Amino acid sequence: MSTADPKRFDLDDATAERLLREAQEHKGISLWQDAGRRLRRNRPSWYAMVFLIGFGLLSFLAPLLPLRSPVRSNLDITLHAPTLDGGDGDYLAALDPDADSALVARQIEKDYWELSSLDHGLISLRRMIFGSWQTGHWLGTDHLGRDLLSRIVWGSRTSILVSLAAALCSLVIGVFYGAFSGLVGGRIDNLMMRTVDILYSIPFIFVVIFLITLIGDYRQVLEEEWGLDREKVFYLVIGAVFWLTMARVVRGQVLSLKHAEFVQAARVMGASTFHILCKHIVPNVLSIVIVYLTLTIPAVMLFEAFLSFLGLGVEPPRVSWGLIAVDGTSAINPLRIHWWVVIFPALAMGCTLLALNVLGDGLRDALDPKMRGKD
Amino acid sequence: MIRFLFRRLMWFVVTMTVVMSVSFFLMKNVKGGPFDTERALEPAIEANIQARYHLDWPLWKQFLHYTGPFNLDERGLGGNQEKVLGGVLSGDFGPSFRYRDFTVNDIIGQALPISALLGVVSMMWALALGVSTGIASALRRGSGVDLALRLAATGGIALPNFVIAGFLIIIFVFMIPLLPVAGWGSIKEMLLPGFCLGLVYAAYLARLTRTGMLEALSQDHIRTAQAKGLSPRTVVLRHALKGGLLPVVSYLGPATAGILTGSLVIERIFFIPGLGSHFVNSASNRDYTLAMGVTILYTVLVYSMNTVVDLAYTLLDPRIDLAEEA
Amino acid sequence: MAIVPPLPSRHVLAMLLLGLVFASALVLTRGASLEPADYVMNNGSEVQTLDPATVTGVPEGRVLRAIFEGLIVKHPKTLEPLPGSAESWEVSDDGLTWTFHIRRGAQWTNGDELTAEDWIYSWRRFLHPLTASYYAYQLWYVAGARQYTRQPEDRSFDASPTGGLWYQRTSDGQVKVGLHGYLLEHMTGEVSVTLPSNPAQKPTIHAGDQSWTLPFSLTNPASNPKAPTSAADALARCYGLESDDKSGWLLKGSLTESDWNAVHANGVLLDGATYRAEVADPQHLKIWTTDSHTLHVTLNSPTPYFLDLTGFYPTFPVNRRNIKEAQERWPDRWEIEWLRAENIVTNGPFKLIERRVNDRIRLAKNETYWDADNVAMNSIDILAIEQDSTMLNMYLTGGCDAIDRVNTNVVQELWGREDFQPTPYLGTYFYRFNVNQPPYDDVRVRQALSMVIPRQAICDKVMKMGQVPASSLTPSGIGAYTPPSMNMGSPEEARMLLAAAGYPGGKDFPPVEIHYNTSEAHSSIAQVIALAWQDELGIRTKLRNEEWKVYLDTQQNLRFQVSRSAWIGDYADPNTFIDMFVTGGENNKTGWGNPEYDRLVKAAGAELDPQHRLQFLGEAEALLLDEMPILPIYYYVTQNLTAPRLGGNSENVLDEHFPKFWYWMDDAELAEKRANYPKEFETVAPHGPPEGLYSPAQLRERQQQ
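Chains as they are written, first to last, in my numbering: chain A, 6 to 380; chain B, 80 to 405; chain C, -10 to 694.
Next up, chain A with everything else stripped away, as it sits in the complex (with noise of 0.2 Å):
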């Protein structure tokens, strides 16, 4: 079809200086100052963005809080509703507080896992503050007897972790990928669209399976020589399946931008396309990668839950969001409920995927271009 409307081009030079000249005067106020202030006005979204950085800031502390171990099962006290008991003075077995650290680092890795130095000093930090006082089963226990409250927090990390790490791997190429397709258009664009069309004719499950089930074989290999354990390598495949959509949603909105005004003008000015690209079609994307993004990080913990339903999640004794809600499911059965081991689980979840997704909507209203300077 014709795309020139001969209307929009006759700019004499002095318009097109004017507009040029006030364009930059226009740039003044910077777009995420101005976000940043609409941000603010808009109540909801500000609450979950504090809220959210609250509950990052409490789940990387984890090491830090008086929490039980997330992974010490006591069978005696198995399904244990919650109590508002005091806690008690046991945490790591009461050790001598000058014990000695090769034995404290053992005892660690029995309560825990193989954790990072700055967990080990953390997990020091918070024993100089609390001593070897743990909070009571404030929310609980599970099927196993392992304090549930401080398997909600520790479990926090590793979901909140691989749904960061695969959001910003499949921001980082999706947006790329799609924003130079869309844009450059014609066999190119064709071509890198039909390889996005054959990378999702493959149903992704069977690619998770295959890697995982790969990674079962080559797992030595991969912690020695590459580093990778097994959740790294999860953050990676999970990434690389979450790309595609944002990619094609991406270059749908650079479609549509081809065609507007400002970007036409700026091409018949002469303007390259790597300017164009950097300066008119990424902030105007944005808006709809904000939307996408805060849609994919929800979307990767629920599929992090999906595979734990599956069994192919992360592997206890670490904790995920998704292995609690799988033992919580199978709390809820019409014989009895027991209603905290699925309850407490599910509000947390619930709370920070609500949370993304308002702070998300605000995101996009506070950032979209067309709204600037207006409300």
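Honestly, the hints are just simulated from the structure, not real lab data.
Here the structure is a predicted model, which is why all the values come from computation and not from measurement.
It is possible that part of the hints are untrue.
Pairs of lysine to aspartate or glutamate, DMTMM-like flavour, derived with a Cα cap of 25 Å [stated by the list, open to error]: (1) C:Lys531 <-> B:Glu117; (2) C:Lys354 <-> C:Glu343; (3) C:Lys313 <-> B:Asp185; (4) C:Lys591 <-> B:Glu125; (5) A:Lys115 <-> C:Glu343.
With the hints as your guide, set chains B and C onto chain A.
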């Protein structure tokens, strides 16, 4: 239009070739075979089984035998002298290695209509819930209604669907005995699984609709229409919806394919003999033929859905040119 | 190109919706619902096949017991043999030859009369290599059966019954020669090849005190450097495997095609198929008839559980005409077609009506069954629900009358209900050690690791169904056999043993990796054991779960340190457990071997006196528990949840249930049953019709009373 479809078809052939060979060789390289069980077999018996199913052939030969349309088996299936054309290219997906009394064609033939129906039911739920909340919340943007609708719509992607299904079963089966707990056949049995499956897509659709509608409502021609004094109803239905549903349409393609493969959890919980479970089970059972069968089916579906979406795109947005796209 | 005129969007939507509605209406009309069945049971997963010869699993067995009938059927509670397709049977004094008298007048569902020939056909088919049967080894107790299964079709054989050689012509014009097993079974001694100095003469092959001369001479003869050197070795590998390294060929050389054809033409050699039909079947495979209703079977050694095997589902008969007609009609896919619900011919109390993958199998009473008078149920549905929570929900809402397992999380709520009474089941859960890998090659280490396992806590707190802590490989409850008990020890003793092995306090002990297949229960048990090892012995422990098929591969190839395992008995005899660990056995999977153990197991196999036999097996098991290549954890219990109204059903050690005997009790009988409960049970709302459902015979009996 014809040229577009023709080029798509060519790409389809390329895609199929790549997908088939990649998944075939991937699958064959995963450890374990279809006939491994907890009871290890005597080498002699294992050799018999391997020979019977051609697992002792080199991979390339197995692949060619699978794709057809010629029969490489000199004895014919089961030691029979009769030579019959076989393979995917003649429409024969072979016998399943796991469900050995059925061909892959039988299995897909039984499961696909069920999955399609489940997909239709859940898509109806998703469209009804998603698009309406999306439009309503875009129109009432920033209000309490908007927030409430958005939160409600997000419910579907705030929890894994096995948790939601668990809650709903407790509520609608055991506390208020309205619906059957599992099974497939009657309309009543479709409501709950359809809802659970649709909820996820409703959430996505609501958000995409809202985004798209906001986008559309801020376009110049909408403002013109509003300025001309058209009723808000007309503006929304005649003008804004067309542009606003673009992202929704582009999402429907992947969503339809996703509903087929992603229904695994719902199928398990509600005991529905659909296609979703085959995607995972065939892979974990190393049922090579069934796994290939569902992969091919999936590819065809995704491909045709995407083509339909691209066609629909042009219907909704005249600015997009198929010629350029093809 | 042409521009498509844009349709108004709502038309598009409307059309889309209309399309959807049409599609759904179309599909809806296809899946017509079935009438509800008299009895609905859950099978736990979709069956792999209904061909008795190629089945493997428990779910298949449940269906096969309903639609086929073996020579015997078992008593639902005691599992004693009852007459089935065989009216009576006897065994010779040496315990080797069994004679079965096939029931006269019994019919197949296609009207054919049931005869002894059906078993000859079915068992040959079962053992035939092209059938590719998993369970063929269950009939290897029959003389000649093992060789029969291993008989490759692409080889030629000496036509004479005393011949012992096979010949294979390869594509490059060479002929390979090897020993075949019919004559090797009881042979001892060396194997050797004599190559004549004059190339025109014929080579000779010797095995023990026998020798065979080839019917032709070979140019450039060469012997195989990797050839077997003893008769036992030759027997172990002379059949089946194609690769040169593994096959037992002794000699090869070039031979012209005309010479090759000549020896076949004059009947000196027979090709595989002819040999099988003319020589091997009648002469070597010891299954024969004397008249149309008398079946004889000779065994290699007296096998007390052979009678039980004739009621085991892989040995069920199939109908010849059924398969033959399918072969004629569908030459390319008869193997699937003969099993379709509309084609399959069966001889059991029920017949197959419909099959839907991953959904249900519908059975209906077989009116031509010889004992139809005693069959109560008119229709049975067998579901394939896999999800624990779903099957429980189905049971609780009445959609299903029996389920075969429950999730451990609900056990607490089920305890004390009349419909949930776990009973011991012939299965053991244990860990395997890889004894090839230090430090698990040290028996003290294996014992120390075993001694600190909180078995009671695993049973009570993790499994929760009344599983019993294991102190042996074989569970108790198999007839007269009392399994020996291993040294359970104490944590102190364990620490001492570990210190003696060079790891005081777990110092320098390399981290243990517990290998298991992905499952919640396995993971829970592994975590409890890991914690015990860490706490009691100071040993670092890692968990490694693998997806099922990868797990099997890892276990088979001994790429683990400690691996979760389980074994369910096929028949009620300790042999099903104990012969697993003979040196080099396929299911040994530990690398462990002990000549004394092998000797004891072999001696038990040849022993006629049941008392002595069990004594040999007991000694073997004691040896195993002493050396501890395995670490027993608990014995299984059944986990059935069965409608209380169901009669003719009982829990038993094999967890086998027999649809033939099932009926619904009426309220009076149910009340009577409840009055006789040994202790207080919580009664639950019963499934099934209040007026009961009885067989014609039962009804007559009730009327008389």
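These are the hints, each one checked on the structure:
Restraint check for Lys531 of chain C and Glu117 of chain B: satisfied, since their Cα atoms lie roughly 23 Å apart, inside the 25 Å limit. Under the criterion of a C-alpha separation no larger than 25 Å, the hint pairing Lys354 of chain C with Glu343 of chain C is consistent with the structure, at around 13 Å. Annotation: proposed proximity of Lys313 of chain C to Asp185 of chain B holds, straight-line Cα distance about 22 Å (limit 25 Å). Taken as a hint, the Lys591 of chain C and Glu125 of chain B pair is honoured in the structure, with Cα atoms around 24 Å apart against an allowance of 25 Å.
With a CA separation close to 54 Å, the supplied pair Lys115 of chain A and Glu343 of chain C exceeds the 25 Å bound.
Consistency with the previously given hints fails for number 5 only.
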